[in-house]
Amino acid sequence: ETGVTQSPTHLIKTRGQQVTLRCSSQSGHNTVSWYQQALGQGPQFIFQYYREEENGRGNFPPRFSGLQFPNYSSELNVNALELDDSALYLCASSLVPLAERTDTQYFGPGTRLTVL
Amino acid sequence: TQLLEQSPQFLSIQEGENLTVYCNSSSVFSSLQWYRQEPGEGPVLLVTVVTGGEVKKLKRLTFQFGDARKDSSLHITAAQPGDTGLYLCAGLPLNQAGTALIFGKGTTLSVSS
Numbered sequence: 855e856t857g858v859t860q861s862p863t864h865l866i867k868t869r870g871q872q873v874t875l876r877c878s879s880q881s882g883h884n885t886v887s888w889y890q891q892a893l894g895q896g897p898q899f900i901f902q903y904y905r906e907e908e909n910g911r912g913n914f915p916p917r918f919s920g921l922q923f924p925n926y927s928s929e930l931n932v933n934a935l936e937l938d939d940s941a942l943y944l945c946a947s948s949l950v951p952l953a954e955r956t957d958t959q960y961f962g963p964g965t966r967l968t969v970l
Numbered sequence: 013t014q015l016l017e018q019s020p021q022f023l024s025i026q027e028g029e030n031l032t033v034y035c036n037s038s039s040v041f042s043s044l045q046w047y048r049q050e051p052g053e054g055p056v057l058l059v060t061v062v063t064g065g066e067v068k069k070l071k072r073l074t075f076q077f078g079d080a081r082k083d084s085s086l087h088i089t090a091a092q093p094g095d096t097g098l099y100l101c102a103g104l105p106l107n108q109a110g111t112a113l114i115f116g117k118g119t120t121l122s123v124s125s
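Those sequence lines, one after another, are chains A and B.
In terms of my numbering, the first sequence is residues 855 to 970.
In terms of my numbering, the second sequence is residues 13 to 125.
Looking at chain B on its own, in the form it has when it is part of the complex (with noise of 0.2 Å):
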C-alpha cells in the first residue's frame, strides 16, 4: 500500500511556465519534506512543513501543508531548466514508532529552454 500518492508523475515543461506537484495520503503525518534527486545522486532535502495549513517559500518554490496534514503541495514559478528532477515527497506517519520516512514514488520535471 503506498502511503503517499505523488502526481503527477511525470512533467515536461517549457522555462518559464509555472507547476504544482501534489502529495496526498489518507493518513495523517506529524511532518512533511520535499526533497529533490538529480540522476546519479542522492535527495537533498528542500524543506519540511510540519503545521497543517503551513506555507513555506524557498525562492520560486511554494511549499504547502495541508490543514489536516494529510496532504502538501509544491509550486515551482517560473521554472528553470534547473529545477529539472525527481521531487520527492516524504512524511512521518503519526503515531507509528520505529518507522521512518515513508517517501512517494516522485514527480520527474524536465524543463526546457
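Here chain A stands alone, though its shape is the one from the complex (with noise of 0.2 Å):
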C-alpha cells in the first residue's frame, strides 16, 4: 500500500455534468500529480501542483481544472463531462516536483470514471 488514497473508488456521470475527484497524498508529500488512463493506454499527464499551485500541465483542456491543499489532499475537477472523459483517474503523490529530478512517485489505486 502507497498510503495515496483516493476518493470515490468509481462514479457515473452524464455528458455535460461536472465532476470532483479527490486525492489524499502521502503525508510530507509537497507535490501531487494527476493522470488519465483510457481503458488500454498508459496513463497521460494531465497536470501537477507544488505546494499549492499549479507547476506543469499536460495536453488537456481548460475545463479540466484542480486544487491542492496544505493538508496534502488535491481535488480533480473536470467540467462539461465528455464521452472521451471515461477513464481511470489517477493521483500520484512525490515529495518534489519530478522535473526537477528523478524522484518516486507514488500512486493511488485511482477512480474509474464513466460518462454516459
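Honestly, the hints are just simulated from the structure, not real lab data.
As the structure is a computational prediction, the values presented were derived from the model and not from experiment.
Heads up, the beta-carbon is just placed ideally off N, CA and C, and yes, glycines get one too.
A couple of the hints might just be wrong.
Not close to chain A: a few residues of chain B, all C-beta gaps over 12 Å, as computed [said to hold, decoys possible]:
1) L23
2) I25
3) L70
4) D79
5) A90
6) Q92
7) T96
8) V123
Result set (EDC-like, lysine to aspartate or glutamate): computed pairs, CA atoms no more than 20 Å apart in a straight line [said to hold, decoys possible]:
9) B:K69 - B:E29
10) B:K117 - A:D938
11) B:K117 - B:D95
12) B:K117 - A:D939
13) B:K82 - B:E66
Using the hints, put the two standalone chains together into the complex.
Here it is, written out as C-alpha cells:
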C-alpha cells in the first residue's frame, strides 16, 4: 500500500455534468500529479501541483482544473463532461516535482469515471 | 505522438519461460522508470534507471537503459503467475521543463501455470 488514497472508487456521470475527484497524498509529500488512463493505454499526465500551485500541465483543455490543499489533499475537477472523459483517473504524490530530479511517485488506486 | 513505444503489447506465456519487454523512443530521456499495474490498482514503481548503459536487477527482473538513453528493456527470467500484470515504462524527457512522466501504452503480461 502506497499511502495514497482516492475517492470515490467508481463514479457514473452523464455528458455535460461536472465531477470532482479527490486524492489524499502521503504525509509530507508536497507534490501531486494527476493522470488520465484510458482503457488499454498508459497514464497521460494532466497536471502537477507543488505547494498548492500548478507546476506543469499536459495537453488537456481548461475544463480540467485542480486544487491542492495544505493538508496534502487535492482535487481534480472536470467540467462539461464528454464521453471521451471516461477513464481511470490516478493521482500520484512525491516529495518534489519530478522535473527537478528523478523521484519516486506513489500512485493511488484511481477513480474509475464512466460518462454516459 | 507516442513518445514511448512499448512492445509487445500483449504477451501470454507459460510459467518458467523467459521474456523481454521493450520500450523505445526517438527522444532522449533523463531517466526511465518501469512500473507494474494490477487490475483495480495504480502503477507501482519497480525501478528507475538514470545512466546510459545502466543495468539493474530486482530478483528475477533485469532492467537495462540504452547507451543513448532512448530505450530500455525489462527481462524476466523464469516467469511466475505472480508476474502477471500490466508493465509500463515511463520517462522524463530531457530538456522539457514543466512536464511530468511520459508513459508508454504498456505490455500486458499473462503467465499461466
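Problem set entry | Reported absence of B:L23 from the contact zone with chain A (all CB gaps over 12 Å) | The claim holds: B:L23 sits with its nearest Cβ about 15 Å from chain A, beyond 12 Å.
Problem set entry | Restraint status (C-alpha distance of B:K69 to B:E29 at most 20 Å) | holds, 18 Å
Exercise. Does B:Q92 sit more than 12 Å from chain A, CB to CB?
Worked result: The claim stands: B:Q92 keeps its Cβ more than 12 Å from every Cβ of chain A (closest is about 22 Å).
For this session: Compute the least Cβ-Cβ separation between B:L70 and chain A, then decide whether it is above 12 Å.
Result: holds, 14 Å
Exercise. If you draw a straight line from the CA of B:K117 to the CA of A:D939, is it 20 Å or shorter?
Worked result: holds, 18 Å
Exercise. Quick one, are B:K117 and A:D938 close enough, alpha carbons at most 20 Å?
Worked result: holds, 17 Å
Problem set entry | 12 Å Cβ clearance of B:V123 from chain A | holds, 20 Å
Problem set entry | Verdict on B:T96 as a residue remote from chain A, using beta-carbon distances over 12 Å | holds, 17 Å
Exercise. Beyond 12 Å from chain A, beta-carbon-wise, is B:A90?
Worked result: Per Cβ check, B:A90 is outside 12 Å of chain A; nearest 27 Å; holds.
Problem set entry | Distance restraint between B:K117 and B:D95, which requires alpha-carbon spacing of 20 Å or less | holds, 18 Å
Problem set entry | B:D79 non-interfacial with respect to chain A [C-beta, more than 12 Å] | holds, 18 Å
Exercise. Was B:I25 rightly flagged as not at the interface, with every chain A Cβ beyond 12 Å?
Worked result: At roughly 20 Å from the nearest Cβ of chain A, B:I25 sits farther out than 12 Å, so the non-interface label holds.
Checked against the numbered hints above, the structure breaks none of them.
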